[in-house]
Amino acid sequence: MQKIMIVEDDEILCKELSVLLLNNSYEVVVLKDYENAISEILKIAPNLILLDINIPHLSGEILLQKIREKTNVPIIMVTSKNSEISEALSISNGADDYITKPYNPNILLLRIGAVLRRVNRENNTLSYKNLKINISKGIIQVEDKKVILTKNEMIIFAYLVSHQNRIVTRDELMTDLWNNNEFINDNALTVNISRLRSKLKDLGYTNLIDTRKGQGYILS
Amino acid sequence: MKLRLYLKDKIYLIILSLFSYLLMLMIFLAFKILPEVIISITCIYFLTLISILLIPYFRKKNFYNELLTNIERLDKSYLVLETITKPSFYEGEILETALYDINKSMLENVKKTIEQVNNFKEYIEMWIHEVKIPLSSLILAFNNKKYLDNRIKGELERLDNYVEQVLYYVRSENAEKDYFITNVNLAKVIKNVGLKNMNYLLENKVDFRVENVDFEVLTDAKWLEFILGQIINNSIKYKRNINNSYIKVLANSNNKETTLIIEDNGIGIKKSDISRVFDKTFTGTNGRERKSTGMGLNISKNLCEKLGHKIEIESEYGKYTKVLITFYHNNYFDVLK
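Chains as they are written, first to last, in the working numbering: chain P, 1 to 220; chain Y, 1 to 337.
Because the hints were derived from the structure by calculation, they are not lab data. This one's a predicted model, so the numbers in the text were calculated from it and none came from an experiment. Among these hints, one or two may not hold up.
[Claimed, not checked] Derived lysine-lysine pairs resembling DSS-like cross-links, with alpha carbons at most 30 Å apart: (1) Lys76/Y to Lys15/P; (2) Lys213/P to Lys205/Y; (3) Lys137/P to Lys188/Y; (4) Lys145/Y to Lys3/P; (5) Lys306/Y to Lys151/P; (6) Lys60/Y to Lys111/Y; (7) Lys70/P to Lys3/P; (8) Lys151/P to Lys188/Y; (9) Lys248/Y to Lys151/P; (10) Lys205/Y to Lys188/Y; (11) Lys237/Y to Lys32/P; (12) Lys237/Y to Lys306/Y; (13) Lys199/P to Lys205/Y; (14) Lys191/Y to Lys199/P; (15) Lys319/Y to Lys188/Y; (16) Lys137/P to Lys237/Y; (17) Lys151/P to Lys137/P; (18) Lys213/P to Lys132/P; (19) Lys2/Y to Lys111/Y; (20) Lys145/Y to Lys213/P; (21) Lys199/P to Lys145/P; (22) Lys151/P to Lys2/Y.
Isolated chain P (complex conformation) (with noise of 0.2 Å):
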């Protein structure tokens, strides 16, 4: 499980940020101690930081340095300054991507999961059950059958599949869509992922995905 660690002074955010990334399995660890901060987040080692530029003791810009000085962690730098020459600053001071204040929390983790992605160097082939999915070529196989996909249905069921142990909302599977310049409504959403089912219908693969009324889907 990847560990990710939360620089934020602000307590209820703090708490409301760990339990989006606690409902969305990874490990979460707040830094406390700001004053020895490089010495905690060396001993913790976590897989990625997500630092907010205004907190106590010592600024999040000088803290990203003194990070970068010591270890390579992916950093994303988190803040309510909206502008440009300060993303870029954060950028050329070795962080790994910037969001701003109020962020909309599946973006938030969209960004992770890239960063995290490119970090790791995933290959881009996911499997399910027998599934083989190649999600370059747009390609769903089941030992010598196989079905070609569009790229919204792609984008759903590689979403589906890397997210399998939960349900995820429409709203999850819109904002990625829209992330990956897909900006259908409501209908199309509903109609791609009828079409998704009865391709997966087609490799022998019935109900599975599985609505939750009011909820959203999982995979079966």
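Assemble the complex: chain P is given as a structure, and chain Y must be docked to it using the hints.
Frame of chain P, contents of chain Y only:
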């Protein structure tokens, strides 16, 4: 300073002198004084009169003319006292000291006001950063509770937009601060704007159609995101009650410029209102019907001017509204790279 007007101003002195001269002449004639004496006294009298009239004129003329021409030539005419030579006559000195004192107290007042405005701006910037924290918590909390009512998410997006509007209003008034022009990909900016307003668009059943927008332009990405956010919010706010509401985003490019077009099929803008939509606090017929601060487009226009883009609006009432933003290409920037 004009001689004619100056003499007109001294008319009482001239009439009085002429009147006393006539009296004198009558007395001279009554006592049968020699004509030679009368002529020489007349000469002395009129020479003195002319001197009394003209010497002050020439002394004052230099001072007042310099004052007037400098006021006209200066861009900031309140600085005129620094540019003129000191007057050498009493009234001029009074005037100069008076002007100096007035100027000083005015400058102090202006300074105080500027300070107040700056403090207020600083406070607003800080306030915005503060208010974004609870806003973030709320958005996260709704998400964590798996609260599926997208209306609330849409409303939070709208709230964030209004907070952002204040921030950019403050920024659009301070020219120097906070912008950073680079090569920006339009598709990426539009994706971010779309994501930011996704729930608000979906909740209002407005389709977001993006066509070919894969162009690079010179701009500040954050400012452009804000401007497009305002335009899209307007389109949603002023949509028609029809089933196929949409916002279409597309771009054209040639070697001189790139134009981004945001078109909707909303209620449109009346002909009588269209020339004023960029004015501060202008709301028009639409704004009165659907409540509006009338600031969004005004701020957008100011920001566009600062960034060097052209923003135009076309509309047919009851049919569509089309906003065009033109980005000029700059070879100089390519050379610098």
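Is lysine 145/Y within 30 Å of lysine 213/P, Cα to Cα? holds (16 Å)
Does lysine 111/Y sit within 30 Å of lysine 60/Y, going by the straight-line distance between their CA atoms? violated (34 Å)
Given the hinted pair lysine 199/P and lysine 205/Y, is their Cα-Cα distance within 30 Å? holds (28 Å)
Holds or violated: lysine 151/P to lysine 2/Y, with C-alpha atoms at most 30 Å apart: violated (84 Å)
Under the criterion that the straight-line Cα-Cα distance not exceed 30 Å, is the pair lysine 199/P, lysine 145/P satisfied? OK: lysine 199/P and lysine 145/P at ~11 Å, within 30 Å.
Could you grab the alpha-carbon distance between lysine 145/Y and lysine 3/P and see if it respects the 30 Å cut-off? holds (23 Å)
Would the hint linking lysine 237/Y and lysine 32/P be met if the CA-CA limit is 30 Å? Roughly 44 Å separates the two Cα atoms, so the pair is violated.
Do the alpha carbons of lysine 151/P and lysine 188/Y lie within 30 Å of each other, as the hint requires? Holds - the C-alpha atoms of lysine 188/Y and lysine 151/P are around 18 Å apart, at most 30 Å.
What's the verdict on lysine 205/Y and lysine 188/Y, does the C-alpha distance respect the 30 Å limit or exceed it? holds (23 Å)
Are the Cα atoms of lysine 137/P and lysine 237/Y separated by 30 Å or less? Distance ~41 Å between lysine 137/P and lysine 237/Y Cα, so the pair is violated.
With a cut-off of 30 Å on the C-alpha distance, tell me whether lysine 237/Y and lysine 306/Y pass. OK: lysine 237/Y and lysine 306/Y at ~26 Å, within 30 Å.
Does lysine 199/P sit within 30 Å of lysine 191/Y, going by the straight-line distance between their CA atoms? holds (29 Å)
Figure legend: structure checked against the earlier numbered hints; hints not met, in rising order: 1, 5, 6, 11, 16, 19 and 22.
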